[in-house]
Amino acid sequence: MRRRPILLIATLSGALLLCSACSIQPWVKPYERDRLADPIMAWDRDAISNAYMDHIRESREGSRGATGGAGGGCGCN
Amino acid sequence: MAHRHILARAAVIAALLLIRSTIADVLPDNRADVFYSKYSGGGMDITGYSATARAKITENFAVEANYFIDKVSGASVDVLSQASVIKDERRQKSGTLEYLHDKTTYTASYMSSVERDYISETASFSLSQSMFGDLTTVTLGFARTGNTVGENNGTANKPDVAWLGHALTRAYSGGVSQIITKNFIAGVNLQVITDAGYLANPYREIRYLDTTKTIGYTLASQVYPDTHTSTAVQVQAKYYLPYRAAVTGLYRYYTDTWGVVGNTYELDYTHPIRNQWIFEGRVRYYKQSAATFYSDLFPFAFSQNFTARDQNLAALDNTTIGAKVTYAFLPDGWKVFKRGTVTADVSRIRFNYRDFRDIKDFGVAQGFTPGTEPLYQFDATVYQLYLSMYF
Amino acid sequence: MFSTSTLLKRCAMAAIVVASTAFAASGDASGPAPAFTLTNLSGQPSGLSAYKGQVVMVNFWATWCGPCQQEMPLLDQMYKKYKPAGFTLIGVNVDKEAPAVKELLTRKPVSFPVLLDPANQVSKAYHVDEMPSSVIIDRKGQIRYIHRGYKPGDENDYQDRIRQLIRE
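Residue numbers (this note's numbering), protein chains in the order written: chain A, 22 to 98; chain B, -17 to 373; chain C, 22 to 189.
Next up, chain A with everything else stripped away, as it sits in the complex (with noise of 0.2 Å):
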C-alpha cells in the first residue's frame, strides 16, 4: 500500500520527464502569458499566510500533506 503511490509518482514524472525531449509544441505562447503572470494567479501569493492556515488545520484535523502549488506565472528565463 506504501510502495504503490510512491512508485506512481515515480513513473509518472519519469514518463513526463522523458517525454519533455519530444517536440509538442506550446499551445499557450509565451507572449499571451499576461493573465498567467497576474499576481492574483498565483497558487501561492502569500505562502506564509497558507502555510500559518495549513498548520492551523493540521493541528485541528486528521489529514495531512499534498497542499501548495508550482508552476504558472509568466513563464520567462
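It should be emphasised that the hints constitute simulated quantities derived from the structure, not laboratory data. A portion of the hints provided could be inaccurate.
Stated by the list, open to error - Using 27 Å as the maximum straight-line C-alpha spacing, the simulated DSS-like pairs for lysine-lysine come out as follows:
| # | chain 1 | residue 1 | chain 2 | residue 2 |
| --- | --- | --- | --- | --- |
| 1 | A | 50 | B | 85 |
| 2 | B | 317 | C | 123 |
| 3 | C | 129 | B | 38 |
| 4 | C | 172 | B | 38 |
| 5 | A | 50 | C | 117 |
| 6 | B | 320 | C | 117 |
| 7 | C | 129 | B | 320 |
| 8 | B | 38 | B | 85 |
| 9 | B | 317 | C | 101 |
| 10 | B | 53 | B | 69 |
| 11 | A | 50 | C | 172 |
| 12 | B | 164 | A | 50 |
| 13 | C | 123 | A | 50 |
| 14 | C | 172 | B | 320 |
| 15 | C | 145 | B | 85 |
| 16 | C | 129 | B | 317 |
| 17 | C | 104 | C | 161 |
| 18 | C | 101 | B | 164 |
| 19 | B | 164 | C | 117 |
| 20 | C | 145 | A | 50 |
| 21 | C | 172 | B | 317 |
| 22 | B | 85 | C | 172 |
| 23 | B | 164 | C | 172 |
| 24 | B | 164 | C | 123 |
| 25 | B | 320 | C | 123 |
With chain A held as given, fit chains B and C onto it using these hints.
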C-alpha cells in the same frame, strides 16, 4: 495541559509541504514579511509572530530565513484532570536555499521547532522542473523529520519534563502543474507520509466505563500504533475571469493506515482593483471519518490493542469562511522597495464532532451519563495581519 | 527491489539530465527577417523597413514580464551607444492593452522606439518562444541571432553580436 503538541506537530507537518510557490523559470522577487496571527477558539488563544526574509544572492541563487514564535494560553475541552490554564511557547527557525539552473529549481531547507516538551527538526529537498514550453511544471520532493516528545508533569513556571520517545517521519511528494489555456491552470499533488516511533499526544487520555466511579468512567493513557502511513491527493484549478478576477477550486482526498479518511473541498475568489487592492473570499468544507482505534468511551480497560481519544482522530467536519484584503500602500515602489503591501485576513471555522463529547463541561453532575454528554462543537476565529515589502 | 527513496532519487536524476537537454538555447539563426508595420504609443505607424541598411535588434517584451523590465535600462544604454554607428533597437511590446504600457514608459522612459503588437501577429511571425526574446538582424535584413530570455550579463552577449554585425 493538552494543546502543546498540537503546535509542534502541525508545524512539523507544515515543514513537509514541499510543493510550495516554485515558479521554475525565474526566482521570485526579494521579499520581507512581518506577520502577526491569532487563533481564538475552543477555549484556547494562540498568538503567533513571525519575520521572514528572502533575497537573491545571484540571479540563480536565493536564500530565505524565517523565525516564528507561537504562544498558547488557555485550556481546551480535552483537559480532563486539572483544568488549569496553560501557557506555553514554541520557537521555530527555518532556512531555505534555492538554486535555479535553466528550467530546474532545486530547493533545500531545514527547520527546527522547540518548545519545552517537544523538539522537532526537518530537512527537506525538492526539485521543480519546467517543461513543454513552460506549460508544465513537475515537482518532486522528500523530507525527513525527527521528533523528540516529552510530557511536562510540572507547571508552566516550574516545568518538569519527562522525555517519552522519538518519532521519525518521511514524506515523499510529487506534483504536476499544467497550463491548459491562457486563462486556466490546473494541478495535482500527491504526498505519502510515513511515521514511526512515539506518535501519541501524551496529554490526551482515553476514558472507559467504570461504574465504581462517581463520574462513571476512568481515564487512562492512549496506546497508539508505532507506525503510521498516509496518502493524500489534491487536485486544484485556477481560472481567470475576463473582467480580471480569479476563481480557484480544490479537492483533497486523504487516507491512512489508521483508518482516517478525509475529504477537503475549497473554493476561493480573488478580486483585484487596479494595482492597489486585492480582495479574496474563501469557503472550505472538511469531513473526516474516525481512526479505527478511536473511541469517545471504551467499554472497559484494555478493550483493544490500540486506543485513542484524541480529537484529531475523531469523526468530525468543519466549515471555514474567510476573507482577505491586501492594500498596496506602495503600489509602484519607493527607493529600494518595488512594492509594499499590508494584508488583513480573517477566517471563521465551525468544528462539529460526530463522536467526541464535551466531558469538560458536561457529566453526571449535570445529568448526563457517560456516553450521553453533548457532542462537542466550537467556533474558532483566525486573524492574520502582515506587512510585505518587495525589493 | 530498489528502496523507494533510491527509485525516487534515480527518477529525479533522469529528470535533470533529460529535461536540461530539452531547453531551447539562444543561438545563431538565419533567414530573412519578416517585414512588419506596427503603431507606436502615439498612434504613428512604423516598421522594420524604416531602418533598412542598419543593424536592427527587435526586442519582444511585456509589462508583466520581470526579466524584460530588468533588461530595458541596459538596452537603452546599448541603443544610445551604438546608434551613431548605424544600429537601431525596436521594442515590440506584446501587451494586449496599451494603458499599462503607457504607464510603465512614463515612469521608466526609454529612448528607443517602442511599437505595439497587441494582436501578436509579429510575435507569431518571428516564432517568439520565450519572453523576452531579442532578434538581431544584419544590414541586409537577414536574421543572424536569436537570444531567448534574459539573465544579467546577457547584454555583453548582445553587444558582441552587434559590434560584429556593425563591422560587416
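Results for each hint:
The straight-line distance between the Cα atoms of residue 50/A and residue 85/B is roughly 17 Å, inside the 27 Å bound, and the hint therefore holds. Of the supplied pair hints, the one linking residue 317/B and residue 123/C holds, its CA atoms being roughly 22 Å apart against a limit of 27 Å. In summary, the hint linking residue 129/C to residue 38/B is supported, as the alpha carbons are separated by about 23 Å, within the 27 Å threshold. With a C-alpha separation of about 13 Å, the suggested pairing of residue 172/C with residue 38/B holds against the 27 Å cut-off.
A distance of roughly 13 Å separates the Cα atoms of residue 50/A and residue 117/C; the hinted pair therefore holds under the 27 Å criterion. Between residue 320/B and residue 117/C, the direct Cα distance comes to roughly 24 Å. Compliance with the 27 Å bound is thereby established for this hinted pair. Restraint check for residue 129/C and residue 320/B: satisfied, since their Cα atoms lie roughly 13 Å apart, inside the 27 Å limit. Among the hinted pairs, residue 38/B with residue 85/B is consistent with the structure: their alpha-carbon atoms are about 17 Å apart, no more than 27 Å.
As the CA atoms of residue 317/B and residue 101/C are separated by approximately 26 Å, the hinted pair is consistent with the 27 Å bound. Between the alpha carbons of residue 53/B and residue 69/B the distance comes to roughly 7 Å, so the proposed pair stays at or under 27 Å and holds. A hinted pair counts as satisfied when its Cα atoms are at most 27 Å apart, and residue 50/A with residue 172/C qualifies at roughly 20 Å. Only pairs whose Cα atoms come within 27 Å are accepted, and residue 164/B paired with residue 50/A is accepted, the gap being roughly 9 Å.
Between residue 123/C and residue 50/A, the direct Cα distance comes to roughly 23 Å. Compliance with the 27 Å bound is thereby established for this hinted pair. Taking the CA atoms of residue 172/C and residue 320/B, the gap is near 19 Å; set against the 27 Å cutoff, the hint holds. A C-alpha spacing of about 23 Å is found between residue 145/C and residue 85/B, which places the hinted pair at or below 27 Å, so the restraint holds. Between residue 129/C and residue 317/B, the direct Cα distance comes to roughly 14 Å. Compliance with the 27 Å bound is thereby established for this hinted pair.
Between the alpha carbons of residue 104/C and residue 161/C the distance comes to roughly 17 Å, so the proposed pair stays at or under 27 Å and holds. Taken as a hint, the residue 101/C and residue 164/B pair is broken in the structure, with Cα atoms around 36 Å apart against an allowance of 27 Å. Of the supplied pair hints, the one linking residue 164/B and residue 117/C holds, its CA atoms being roughly 13 Å apart against a limit of 27 Å. Distance hint between residue 145/C and residue 50/A is fulfilled; the C-alpha atoms sit about 9 Å from each other, no more than 27 Å.
Only pairs whose Cα atoms come within 27 Å are accepted, and residue 172/C paired with residue 317/B is accepted, the gap being roughly 23 Å. For a cut-off of 27 Å, the pair hint linking residue 85/B to residue 172/C stands: about 13 Å separates their Cα positions. Among the hinted pairs, residue 164/B with residue 172/C is consistent with the structure: their alpha-carbon atoms are about 25 Å apart, no more than 27 Å. A hinted pair counts as satisfied when its Cα atoms are at most 27 Å apart, and residue 164/B with residue 123/C qualifies at roughly 24 Å.
Distance hint between residue 320/B and residue 123/C is fulfilled; the C-alpha atoms sit about 19 Å from each other, no more than 27 Å.
Hint compliance for this structure: hint 18 is the single one not met.
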